[in-house]
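A.B. asks: The hints should help you fit chains B, C and D with the ligands onto chain A, whose structure is shown.
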Amino acid sequence: MLRFRVLGRLHVEPEPPQFVMLWVPGLEAIPMSIAGYDPSDEVLEFLVKPVGSTTSKLAEARAPEYMGVYGPLGKPWYPSGRRILFLAGGSGVAPILHFARKRCNGRLCHVVFGAWRFDEVGEIPSLLSSLGVSVTTACLDEGCDIKGTLVDAYKTLSVEEYDEIVVSGPIEVLRKIAVERKQGIRHYYILEAIVKCGIGLCSSCRLPGTSLLLCVDGPLFPHHLVEEVLLEA
Amino acid sequence: MLRFRVLGRLHVEPEPPQFVMLWVPGLEAIPMSIAGYDPSDEVLEFLVKPVGSTTSKLAEARAPEYMGVYGPLGKPWYPSGRRILFLAGGSGVAPILHFARKRCNGRLCHVVFGAWRFDEVGEIPSLLSSLGVSVTTACLDEGCDIKGTLVDAYKTLSVEEYDEIVVSGPIEVLRKIAVERKQGIRHYYILEAIVKCGIGLCSSCRLPGTSLLLCVDGPLFPHHLVEEVLLEA
Amino acid sequence: MRKDSKLSVSVTGIELRHPVMNASGILGDSVEGVRRLIGSGVSAVVTKTLTLEPREGYLPPILVPLEYGLLNAVGLANPGIDYVETLVREAHSSGLPIVVSIGGRDPDEFHVLAVKAFESGADALELNLSCPHTPGYGVDTASTLSTLKAVADSVKSVTTKPVWAKLGYNRSILDEAGALLEKGIDALVLINTIPGMAIDVYAKKPILTNRYGGLSGPAIHPVAVYTVYTVYREYRAHIVGAGGALDWVSALELILAGARAVQVGTGFYVKGLRIIEEILDGIREYMDKTGAKSLEELIGSAVD
Amino acid sequence: MRKDSKLSVSVTGIELRHPVMNASGILGDSVEGVRRLIGSGVSAVVTKTLTLEPREGYLPPILVPLEYGLLNAVGLANPGIDYVETLVREAHSSGLPIVVSIGGRDPDEFHVLAVKAFESGADALELNLSCPHTPGYGVDTASTLSTLKAVADSVKSVTTKPVWAKLGYNRSILDEAGALLEKGIDALVLINTIPGMAIDVYAKKPILTNRYGGLSGPAIHPVAVYTVYTVYREYRAHIVGAGGALDWVSALELILAGARAVQVGTGFYVKGLRIIEEILDGIREYMDKTGAKSLEELIGSAVD
Ligand SMILES: Cc1cc2nc3c(=O)[nH]c(=O)nc-3n(C[C@H](O)[C@H](O)[C@H](O)COP(=O)(O)OP(=O)(O)OC[C@H]3O[C@@H](n4cnc5c(N)ncnc54)[C@H](O)[C@@H]3O)c2cc1C
Ligand SMILES: Cc1cc2nc3c(=O)[nH]c(=O)nc-3n(C[C@H](O)[C@H](O)[C@H](O)COP(=O)(O)OP(=O)(O)OC[C@H]3O[C@@H](n4cnc5c(N)ncnc54)[C@H](O)[C@@H]3O)c2cc1C
Ligand SMILES: Cc1cc2nc3c(=O)[nH]c(=O)nc-3n(C[C@H](O)[C@H](O)[C@H](O)COP(=O)(O)O)c2cc1C
Ligand SMILES: Cc1cc2nc3c(=O)[nH]c(=O)nc-3n(C[C@H](O)[C@H](O)[C@H](O)COP(=O)(O)O)c2cc1C
Ligand code: FES
Ligand code: FES
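Residue numbers (the numbering used here), protein chains in the order written: chain A, 1 to 233; chain B, 1001 to 1233; chain C, 2001 to 2304; chain D, 3001 to 3304.
Because the hints were derived from the structure by calculation, they are not lab data.
Remember, it's a predicted structure, so these values are computed and weren't measured experimentally.
Take these hints with a grain of salt, some might be off.
[Claimed, not checked] Partial chain D-side listing against chain C, Cβ under 8 Å, derived:
| id | residue |
| --- | --- |
| 1 | Tyr3068 |
| 2 | Pro3206 |
| 3 | Val3225 |
Yeah, the Cβ is synthetic: ideal placement off N, Cα and C, and Gly gets one too.
With the rest of the complex left out, here is chain A (with noise of 0.2 Å):
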């Protein structure tokens, strides 16, 4: 979890699923959800998942590093139902965390975390637990509340419970979710896509085949406006 102090001003203050582009002074800015907000000392926080030169060089920031920072991006967008559960694989629980934080409250908020091994789940379920949110963990070997994959935990769901579900992670998770999708709840899915303006302007983050753009249309998409996104290919 890397923390850090916005120098400038952040003129609205951002809501979940919002992300913002995160500048690494010579290397690429890339889109980045924001895991937390806090407003008294204006301090953003990212989960970094190091997977290319620029996540990488993230991971390994220690203070006193300048990124530059512009957003919050993204339509400010969470679900109105009383009862949401939440399928989060990898970094993909970072907006949760943010949702977490600021919509749980009068909610019932339950989060399926999946990793790939135990030791990569880490703080994120205590973090919850404290923001009193449930969670139930999956991972492939042994330690997690669930041994198998988010998608196996998904299957044996019983989704009457709720009135709605997010699901964030890897575009396969949310494929393989989308082919198995249970009837009769609404299914909400945050996507990613390569952001490059961050305002509408560029085309970059089109969704195949459909007039949407990520950037700022998204992430956020309900299940009938994404289908032939995820159920193509």
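C.D. replies: For chains B, C and D with the ligands alone, kept in the frame of chain A given last:
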């Protein structure tokens, strides 16, 4: 009296004795006191004395004619006393009309209005009376309350009844009153100067021998600041 | 309908329902983008500048939002000229004319691009002679009057359809415009972005990956009005205005300065798709209020 | 005092307490104006551009306030070069260096103006080669590289004191800067205003009496940063930055781009006289926060 509807938008409501730059397209932009302002339909009122090409063109204007306006300019200053005596010559009464509308409620306001001839007095006294302000007129021929100049009127006045005196009108009148100034009461003057930029950048409106810029520091000044300007020459 | 006919205008022989279209680089690079544009009510579609090969453009940051405009260095990211047919088909299916913006590195490339665009049914071309931030393209192609003329020649030789040329602000703008008009260019599109830079004071680095980019939006609006006015006053040519048209007043200023039509770029970012109708409503109301009978009588009417 | 010494900087041999001064045309045209400037805390006084004879300038409107800057066509109103002695005396009486801005119509006029300015005790000259709205002066004088060089020659021949030259943004800025530096010009002042126009849509006329004017303020700030950066990167010359320095961040951007000092124009209008201290406070705090030891180490530090 000219009335203009503002087509754009004034960003702040004008206060006396503020003025605007009134631009007669094709001719010049000239400073013009705000004589009245109705926020409900954004109508600005001016009192124009034709003295040269631009003011003459203005005085002939009939709707629909478009003028440019920018402002309000100058300091929104007004006397704080409860009993105020105004000495106004000619179009110098313009800012006092605005004052009467906005600030004489709950105050004792009295205006001595001077003109050369009785037929120049026109609608001003009745306008002021309708605003609850008492008026004495002064002119050189028959018909006014006082036969004589504003300065003559000033000499005969007992100023103890007032907290403040505001003098507005031709520079000669201001000078003479500054000379004859009665002790024991604060005097203020509304001055004129060649206004070009209107925002303190071009020094065109500097009061000679001072560092005061009429367009930002004025147009109303207390006696001590402009004593030398008025008493010299 | 009756009301709208007051707004119709012809630019280089192309009949437009009204004078407002998008600026190149805004949404005109995909079928979906063209659909959004059509939905917004533009009177013509202008494509993103297309190059011979598809281009990825720069890595982010490619854009710095400022309070009074945008700084962008997209780097001419585009799907390549071979995609032009798809774009043309989409615009034509809604009955809208399409202006294809092309960007070449030399007169030959412009020649090839022009041929492909017209073969695909483009109603007009817009030559991008002024992108300030993509080495080899834009201002670099057009750095001397003789190359400008050579580009004009090479494109005009392939067609009798209208060819527009897009220039940026430069002190020699009158010479550049004159050279192009002399070579038969049918209209000038004025202006492209102005070079600018933003530095992050903590990182001590220019924010854009490309270091500098093009400034657009309200910040450059007075420069656009000046440029349109100056060129119109000298040549009375057909001009399409661009630069900070964010509402009906700023759009109308460009028209009164001499533009027959106005392109909106940054305005889409600031106001969204509704900006086109907002501008048109404002101009309609203005015409009613001032008794103007046709858009034609407004064009260049501030120019003496 | 100790704190301030971190901010001291030398520009072309002139020692400045800190890097912030006024831009030419702002208050530096009368004794009272110079007093206001001194009161504001500038580290040097820059005079209004002085010409051989006093000039009245244009009739109003000479200024259009915009949301993001100013458009002005003052027309080089000034008290004439013979007034220079009075201004120099006033600045020197407070121990401040004074930079005299001069505007001639040809190399000979510049020669005469330079002689008079230095005879009166000017610490440096600023050649106005870039006023965009006064025919015969500014950009008109400096329209070709050879006249630029001739002006530089005629001024450098009269003095060994520093001569600064002020340019505006133009696509050929690198050539212009190079030509001047080659002729021994000691520093470049970048940038002057950019030509712009505002039209009143009801009157259907340009608002300024002169039709067009110079755009200044936040609108041109990114262009100023770009210009300073580009020229510094090429020549590593002494540069004084101007354009939209409205707070410490925008002033610092110019410094990181390569400016050794910053001039404030429109900022005085927007913020009043306190702007100088506000900028300095911000830069001091920034230096404390980031551990910068001297202004010198910041100059050009965003340039690779
Ligand atoms: C809305 C959104 C929110 C995100 N939130 C998080 C988060 O909270 N935590 C986290 O660790 N990651 C998050 N990501 C993913 C993160 O942006 C990518 O992992 C990162 O861009 C990879 O950059 P890199 O230089 O490290 O790797 P690279 O070597 O550049 O690429 C590695 C992978 O990342 C993809 N990628 C590269 N650039 C981008 C880009 N501009 N936009 C999207 N994907 C890109 C590539 O396609 C490739 O698959 C988010 C992405 C999006 C779109
Ligand atoms: C703050 C202020 C408020 C004013 N309010 C009013 C008002 O309410 N009603 C009214 O009738 N007049 C008012 N005036 C005076 C008015 O501005 C001048 O009469 C007008 O500018 C003359 O312009 P002209 O073209 O008609 O005459 P010109 O032929 O240009 O000049 C006639 C006289 O006006 C003076 N003058 C010219 N230009 C200016 C200028 N830019 N600023 C000031 N004086 C100038 C000249 O010195 C000359 O003495 C005001 C002036 C100021 C400074
Ligand atoms: C994100 C972005 C991309 C652009 N891409 C192009 C382009 O591909 N070709 C071009 O000629 N102009 C391009 N421009 C410039 C615009 O077409 C327009 O000339 C400029 O932005 C000024 O108009 P505006 O102030 O309305 O944005 C682009 C501008 C922006 C902001
Ligand atoms: C009202 C006004 C008057 C100006 N007069 C001059 C001048 O006489 N000589 C000159 O070289 N520049 C003049 N300038 C340009 C400024 O010195 C400066 O280069 C420009 O305004 C950009 O800086 P800013 O954005 O801080 O205003 C003037 C600018 C303004 C706004
Ligand atoms: S990232 Fe540019 S449109 Fe979404
Ligand atoms: S009119 Fe320009 S300073 Fe007052």
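A.B. asks: All hints are to be evaluated individually against the structure, with a verdict given for each.
C.D. replies: Here is what the structure says about each hint:
Evaluation of the Tyr3068 (chain D) hint against chain C yields a held restraint, the C-beta minimum of about 4 Å falling below 8 Å. Taken as an interface hint, Pro3206 (chain D) checks out: its beta carbon lies about 6 Å from the nearest beta carbon of chain C, inside 8 Å. Given the 8 Å rule on beta carbons, the hint for Val3225 (chain D) holds: about 4 Å separates it from the nearest Cβ of chain C.
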